[in-house]
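Student: As you go down the protein sequences, you meet chains F and S in turn.
Basically the numbering used here = 1-based index in the first sequence + 4.
Basically the numbering used here = 1-based index in the second sequence + 2.
Honestly, the hints are just simulated from the structure, not real lab data.
Possibly wrong hints are sitting among the right ones.
Restricting the straight-line Cα-Cα distance to at most 27 Å, the calculated cross-link-like pairs of lysine-lysine (BS3-like) are [as the list claims (entries may be wrong)]: (1) LYS200(S) x LYS171(S); (2) LYS44(S) x LYS7(F); (3) LYS24(S) x LYS211(S); (4) LYS31(F) x LYS10(S); (5) LYS276(S) x LYS7(F); (6) LYS238(F) x LYS352(S); (7) LYS7(F) x LYS30(F); (8) LYS31(F) x LYS438(S); (9) LYS152(S) x LYS238(F); (10) LYS115(S) x LYS44(S); (11) LYS54(S) x LYS44(S); (12) LYS54(S) x LYS87(S); (13) LYS276(F) x LYS288(S); (14) LYS152(S) x LYS276(F); (15) LYS31(F) x LYS11(F); (16) LYS205(F) x LYS238(F); (17) LYS183(F) x LYS198(F); (18) LYS10(S) x LYS152(S); (19) LYS30(F) x LYS152(S); (20) LYS44(S) x LYS89(S); (21) LYS44(S) x LYS114(S); (22) LYS238(F) x LYS114(S); (23) LYS168(F) x LYS198(F); (24) LYS276(F) x LYS13(F); (25) LYS30(F) x LYS438(S); (26) LYS33(F) x LYS130(F); (27) LYS24(S) x LYS89(S); (28) LYS44(S) x LYS332(S); (29) LYS438(S) x LYS386(S); (30) LYS168(F) x LYS130(F); (31) LYS89(S) x LYS438(S); (32) LYS471(S) x LYS152(S); (33) LYS168(F) x LYS140(F).
Quick caveat, the model's predicted, so the values are computed rather than measured.
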Amino acid sequence: MFKIVTKEKLCPVVDFFKIEAPAVAKKAKAGQFVVVRIDEVGERIPLTLADWDAREGTVSLVAMQVGTTTYKLASLNPGDYIMDLIGPLGVPSEIDNFGAVVCVGGGVGVAPVYPIARALKQVGNKVITIMGARSKDLLFWEERLNSVSDELIVTTDDGTYARKGVVTEPLKEVLERDKGISRVIAIGPAIMMKFCSLTTKPFGVTTIVSLNSIMVDGTGMCGCCRVSVGDETKFVCVNGPEFDGHQVDWDLLFARQRIYCDEERHSLELWKAHHCQHS
Amino acid sequence: MEGKSKPKLDLNRLAMPRQDPKVRAKNFNEVALGYTHEMALKEATRCIQCPKQPCIGGCPVNIDIPDFIKAVQDNDMPEAVRILKSKNALPGICGRVCPQETQCEEVCTLSKKGAPIAIGRLERYVADWEREHSSELASSPNPPPSTGKKVAIIGSGPAGLTCAADLAKLGHQVTIFEAIHVAGGVLMYGIPEFRLPKAIVQGEVDYVKSLGIEIRLDSVMGKLATVDELLGGGYEAVFLGTGAGLPMFLNIPGENLNGVYSANEFLTRVNLMKAYLFPEYDTPIKIGKKVAVIGGGNVAMDAARCALRLGADEVHIIYRRSRVEMPARKEEVENAEEEGIIFKFLTNPKRFIGNEQYWVTSIECYEMELGEPDASGRRRPIIKEGSEFTVEVDVAIVALGTTPNPLIPSTTIGLETRKNGTVVADEETGKTVKDKVWAGGDVVTGAATVISAMGAGKQAAASIDAYLKQK
Numbered sequence: 005m006f007k008i009v010t011k012e013k014l015c016p017v018v019d020f021f022k023i024e025a026p027a028v029a030k031k032a033k034a035g036q037f038v039v040v041r042i043d044e045v046g047e048r049i050p051l052t053l054a055d056w057d058a059r060e061g062t063v064s065l066v067a068m069q070v071g072t073t074t075y076k077l078a079s080l081n082p083g084d085y086i087m088d089l090i091g092p093l094g095v096p097s098e099i100d101n102f103g104a105v106v107c108v109g110g111g112v113g114v115a116p117v118y119p120i121a122r123a124l125k126q127v128g129n130k131v132i133t134i135m136g137a138r139s140k141d142l143l144f145w146e147e148r149l150n151s152v153s154d155e156l157i158v159t160t161d162d163g164t165y166a167r168k169g170v171v172t173e174p175l176k177e178v179l180e181r182d183k184g185i186s187r188v189i190a191i192g193p194a195i196m197m198k199f200c201s202l203t204t205k206p207f208g209v210t211t212i213v214s215l216n217s218i219m220v221d222g223t224g225m226c227g228c229c230r231v232s233v234g235d236e237t238k239f240v241c242v243n244g245p246e247f248d249g250h251q252v253d254w255d256l257l258f259a260r261q262r263i264y265c266d267e268e269r270h271s272l273e274l275w276k277a278h279h280c281q282h283s
Numbered sequence: 003m004e005g006k007s008k009p010k011l012d013l014n015r016l017a018m019p020r021q022d023p024k025v026r027a028k029n030f031n032e033v034a035l036g037y038t039h040e041m042a043l044k045e046a047t048r049c050i051q052c053p054k055q056p057c058i059g060g061c062p063v064n065i066d067i068p069d070f071i072k073a074v075q076d077n078d079m080p081e082a083v084r085i086l087k088s089k090n091a092l093p094g095i096c097g098r099v100c101p102q103e104t105q106c107e108e109v110c111t112l113s114k115k116g117a118p119i120a121i122g123r124l125e126r127y128v129a130d131w132e133r134e135h136s137s138e139l140a141s142s143p144n145p146p147p148s149t150g151k152k153v154a155i156i157g158s159g160p161a162g163l164t165c166a167a168d169l170a171k172l173g174h175q176v177t178i179f180e181a182i183h184v185a186g187g188v189l190m191y192g193i194p195e196f197r198l199p200k201a202i203v204q205g206e207v208d209y210v211k212s213l214g215i216e217i218r219l220d221s222v223m224g225k226l227a228t229v230d231e232l233l234g235g236g237y238e239a240v241f242l243g244t245g246a247g248l249p250m251f252l253n254i255p256g257e258n259l260n261g262v263y264s265a266n267e268f269l270t271r272v273n274l275m276k277a278y279l280f281p282e283y284d285t286p287i288k289i290g291k292k293v294a295v296i297g298g299g300n301v302a303m304d305a306a307r308c309a310l311r312l313g314a315d316e317v318h319i320i321y322r323r324s325r326v327e328m329p330a331r332k333e334e335v336e337n338a339e340e341e342g343i344i345f346k347f348l349t350n351p352k353r354f355i356g357n358e359q360y361w362v363t364s365i366e367c368y369e370m371e372l373g374e375p376d377a378s379g380r381r382r383p384i385i386k387e388g389s390e391f392t393v394e395v396d397v398a399i400v401a402l403g404t405t406p407n408p409l410i411p412s413t414t415i416g417l418e419t420r421k422n423g424t425v426v427a428d429e430e431t432g433k434t435v436k437d438k439v440w441a442g443g444d445v446v447t448g449a450a451t452v453i454s455a456m457g458a459g460k461q462a463a464a465s466i467d468a469y470l471k472q473k
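Just chain F, with the same shape it has in the complex (with noise of 0.2 Å):
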């Protein structure tokens, strides 16, 4: 059992939790993720690690409302236990001095580029950050970013706070301006990161994705996660979470994404009929 010891609403369906979890804590690194299962009943899923605290035994996630499994754990509060929670799993982010480097973050996607930027502006790159999201009040922790980035970018797609428009937008902006920038490393939805490969590959810049596939156990052993990267098969949970965006065989993504879309329909509707009854 591990013990929910911080709750902050961040946007009207996303959440930010510390996790008592001292052990993962320890030995957590950057780019690297934790499987939950909330309760008995429970679904396992991945959730990229937004931060962690050696010191204070804590981990933090950031989750947004989505399935049953992460409203289930938004219904949760501060004292409250989440059944498991198991990590660090998955490839640390590679950490060097590339010299320029652009983050960027889409909606959730925002919380893993954190501590990636961090660790990047700590080995002495400069950093670049674009942040985006679908609207004003979906955008959170532009203030976070800020501080470990030389420049921050922020789009809306709707206009209602800062720039106008999709992350892409800058990015290219930003590689056309500047010709040192020799990494960009894009997290958040499936269809952003393609669109962020799709906009570095004419710059011939490497550009990181973390994906996030449906999985399992998180540990190499059902293969759900398999993707296809430069034509060969690999397991997000062990060879990942991130790839070159270049190689990756987005469609198929999208589509393994998809694969329970209606079971995870249904059994949402059922919690939430149920949750409903029972507040």
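With chain F fixed as given, assemble chain S onto it according to the hints.
Tutor: Same frame as chain F, but now just chain S:
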């Protein structure tokens, strides 16, 4: 005994009641129902208590089989339990999933007459009797004096549980580290409920815990701590019982389409995550109308029979060799056939074909023929050129076997592994080439049986104990 006339041999090996195939094909309840008390007594009485006792040698954990059967004959069930458990911490599991026909029962003296004692069924009966009478039985014997030595065991499958139980009985302080959220390894995620009820596994895990063993769940070793960190952190020996958890794929076109599962994923969803109870449980599974399972081992049978129980109209097993080469237990093949699983022998997939939504719709297959025996001793399957045909499916399950997870070997300096990922360890003792590290079970042999893993756990426990004592 000279001069006495030989007792008449009773060659009527007693069958065990099973659920009707038509009924059981639609539920996840246990197929085999077990002996009644009268049946157990009757079957036990057939044992002639021969002096040679070949059955003991046939058992990888050397259970005193004639003695426990004698106790059943005498209707002294607590004594039967005591004898069984002195060698085997997991009798309810072994009684169900051991391939007795190639072990103790194969060498039974009555086997020559075609009617070996049903040792497995008796073992199962005794284990089940104990569980049902646990409240009347004396609690576990007093713990042995502590040696003060700490041993870490990685993996809580059959090898790890057995090694842990034996070490704890010798007074060592044992901690098991388990990567997932429940102990039992393949017994929980792999073998289906209808062959091995999970309550029975957990009952035997609880017994192991009652010996004073701590099981730390949700602990992925290699990530949370390396083997060297364990050794530096107070553990004096480490046993690797991490199994063979990595699924093999065919590596043919279309294998990543939606609806194509590894058997590991399919079975993990069904058994561990209880997807057969979706939406009561949150983990979903695709219920196919036409399902094909590729492979001929026990895992293929398990996957096919799960698919049928989930509600598939038709389930095919596609196997590249013929019936006689199938590695699955005969009993499981018969069970599958009775339930209506369709076998397609001498057939091998060429590619998976999908629709625009990336869902698998069919498998293009080759017809095969058998050539000369290969390295495995079985006749090599050869493609019949131009024989391609398609099998329509909406779910396909690849059950080709598994290899060890590289998590531990890749994070442990000084461990020797083979090309197939298995860890090199001494056959007799389980000792690896790395100081203070032992290994046993599927991680050493590649995917094998529960009981052989238990045998390896036992041997390693003896070797670890000897090492700790001379330290």
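Student: It remains to establish, for every hint, whether it holds in the given structure.
Tutor: Okay, the hints, checked on the actual structure:
1. LYS200(S) x LYS171(S): 25 Å, holds
2. LYS44(S) x LYS7(F): 55 Å, violated
3. LYS24(S) x LYS211(S): 39 Å, violated
4. LYS31(F) x LYS10(S): 68 Å, violated
5. LYS276(S) x LYS7(F): Roughly 25 Å between the alpha carbons, so the hint for LYS276(S) and LYS7(F) holds.
6. LYS238(F) x LYS352(S): Roughly 21 Å between the alpha carbons, so the hint for LYS238(F) and LYS352(S) holds.
7. LYS7(F) x LYS30(F): 16 Å, holds
8. LYS31(F) x LYS438(S): 24 Å, holds
9. LYS152(S) x LYS238(F): 38 Å, violated
10. LYS115(S) x LYS44(S): With a Cα-Cα distance of about 18 Å, the restraint between LYS115(S) and LYS44(S) holds, given a limit of 27 Å.
11. LYS54(S) x LYS44(S): 22 Å, holds
12. LYS54(S) x LYS87(S): 22 Å, holds
13. LYS276(F) x LYS288(S): 22 Å, holds
14. LYS152(S) x LYS276(F): Violated. LYS152(S) to LYS276(F) sits at ~48 Å, over the 27 Å cutoff.
15. LYS31(F) x LYS11(F): At roughly 23 Å apart (the allowed maximum being 27 Å), LYS11(F) and LYS31(F) satisfy the hint.
16. LYS205(F) x LYS238(F): Between LYS205(F) and LYS238(F) the Cα gap is close to 21 Å, so the pair holds against 27 Å.
17. LYS183(F) x LYS198(F): This hinted pair holds, its Cα atoms lying about 22 Å apart.
18. LYS10(S) x LYS152(S): 53 Å, violated
19. LYS30(F) x LYS152(S): 23 Å, holds
20. LYS44(S) x LYS89(S): Distance ~24 Å between LYS44(S) and LYS89(S) Cα, so the pair holds.
21. LYS44(S) x LYS114(S): 20 Å, holds
22. LYS238(F) x LYS114(S): 51 Å, violated
23. LYS168(F) x LYS198(F): 20 Å, holds
24. LYS276(F) x LYS13(F): 19 Å, holds
25. LYS30(F) x LYS438(S): 25 Å, holds
26. LYS33(F) x LYS130(F): Holds, because 20 Å separates the two Cα atoms, which is no more than 27 Å.
27. LYS24(S) x LYS89(S): 38 Å, violated
28. LYS44(S) x LYS332(S): With a Cα-Cα distance of about 25 Å, the restraint between LYS44(S) and LYS332(S) holds, given a limit of 27 Å.
29. LYS438(S) x LYS386(S): 52 Å, violated
30. LYS168(F) x LYS130(F): It holds: about 25 Å lies between the C-alpha atoms, which stays within 27 Å.
31. LYS89(S) x LYS438(S): 25 Å, holds
32. LYS471(S) x LYS152(S): 12 Å, holds
33. LYS168(F) x LYS140(F): 10 Å, holds
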